[in-house]
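With the hints as constraints, model all of the structure from the sequences given.
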Amino acid sequence: MEAVIFFLAAIGAIGGAIGVVAMQNPFYSVLALVAHLFSLAALFLLLTSAFVAAAQVVVYAGAVMVLYVFVVAYVGGGGEPVADPIHGQRFLGILVASILFVELSAAILSSALLALGTHGPDVPAGFGDPAAIGRLLLEKFLLPFEASSILLLIAAVGAIVLAQRKRESEPQEGVSGPA
Amino acid sequence: MNIEWYIVLSALLFAIGAVGILVRRSPMVILLCLELMLNAGNLALVAFSREVGNQQGQVFALVVMVIAACEVVVGLGLIVAIFRRKLPLNVDDLRELRG
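These protein sequence lines are chains A and Z, in that order. In terms of my numbering, the first sequence is residues 20 to 198. In terms of my numbering, the second sequence is residues 431 to 529.
Derived by calculation from the structure, the hints in this document are not laboratory data. We treat Cβ as the ideally placed atom computed from N, Cα and C, and that holds for glycine. Please note that a few of the clues may not be correct.
Listing some non-contacts, in silico: residues in chain Z with all C-beta distances to chain A over 10 angstroms [as the list claims (entries may be wrong)]: (1) Val449; (2) Leu527; (3) Arg528.
So, partial list: chain A residues that the calculated Cβ filter (under 7 angstroms) puts toward chain Z [what the hints assert, rightly or not]: (4) Leu66; (5) Arg109; (6) Ser124.
Below you can see the structure in the form of structure tokens.
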């Protein structure tokens, strides 16, 4: 049963990823990424990490993708030239990425990590559930948790400064002024 | 399922994201492909955390999600700024910073 779910979710994840790369319209790329993220959430559940799976669905597939859809609707899709600037760029890109995949797989499968060939140790009930992760975040990893909240605040302010409407007095060519 | 299946799947997803970044020209799709690569890294982190039976890898994956959200917000802000200035949304035409 677990193998069936794994392969279904893996096919969904790979299909979604290929869809993101192959779709010409960015809107369909975003939808393919949503499918990919849901499949990944299923894989996270198989790995007994319930909280990460929930965060994946709520934060990624919910919030971040809605932001993408808004920007795609504002900017408009398409307009990407079909011709390659470098001759054979498409073929070369796929070739380089295939080499990367083969090398990564060889490095993993030939590594000395003996537990890779197993299912992992038996974990107690509650492994990876919100209570356990929350305890880790607020006790052992309190400093990284607070630092990431400050980083999110900086990113939000930066996005507002970047995307603000230019004031009338500014010259057309100038960089965007302070908020 | 053995853990190595998850790790190989994560390597494959990472490679697909790399194809997208090498091949596509629209900055929006390149951001989406960056998401693919970050998520592949997340899958590897969670798989390794299951392998050693330790939840700290999952906390690491959550922090990676925060970083990805920041990257998306700043990247989309840049795209909106490029669009407002009526510049082409094509990374081959936006080459002013190239040395």
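Going down the list of hints, with the structure as the test:
1. Val449: Violated, since 4 angstroms does not exceed 10 angstroms.
2. Leu527: Per Cβ check, Z/Leu527 is outside 10 angstroms of chain A; nearest 13 angstroms; holds.
3. Arg528: 13 angstroms, holds
4. Leu66: 5 angstroms, holds
5. Arg109: 5 angstroms, holds
6. Ser124: 5 angstroms, holds
Of the numbered hints given earlier, the model fails hint 1 alone.
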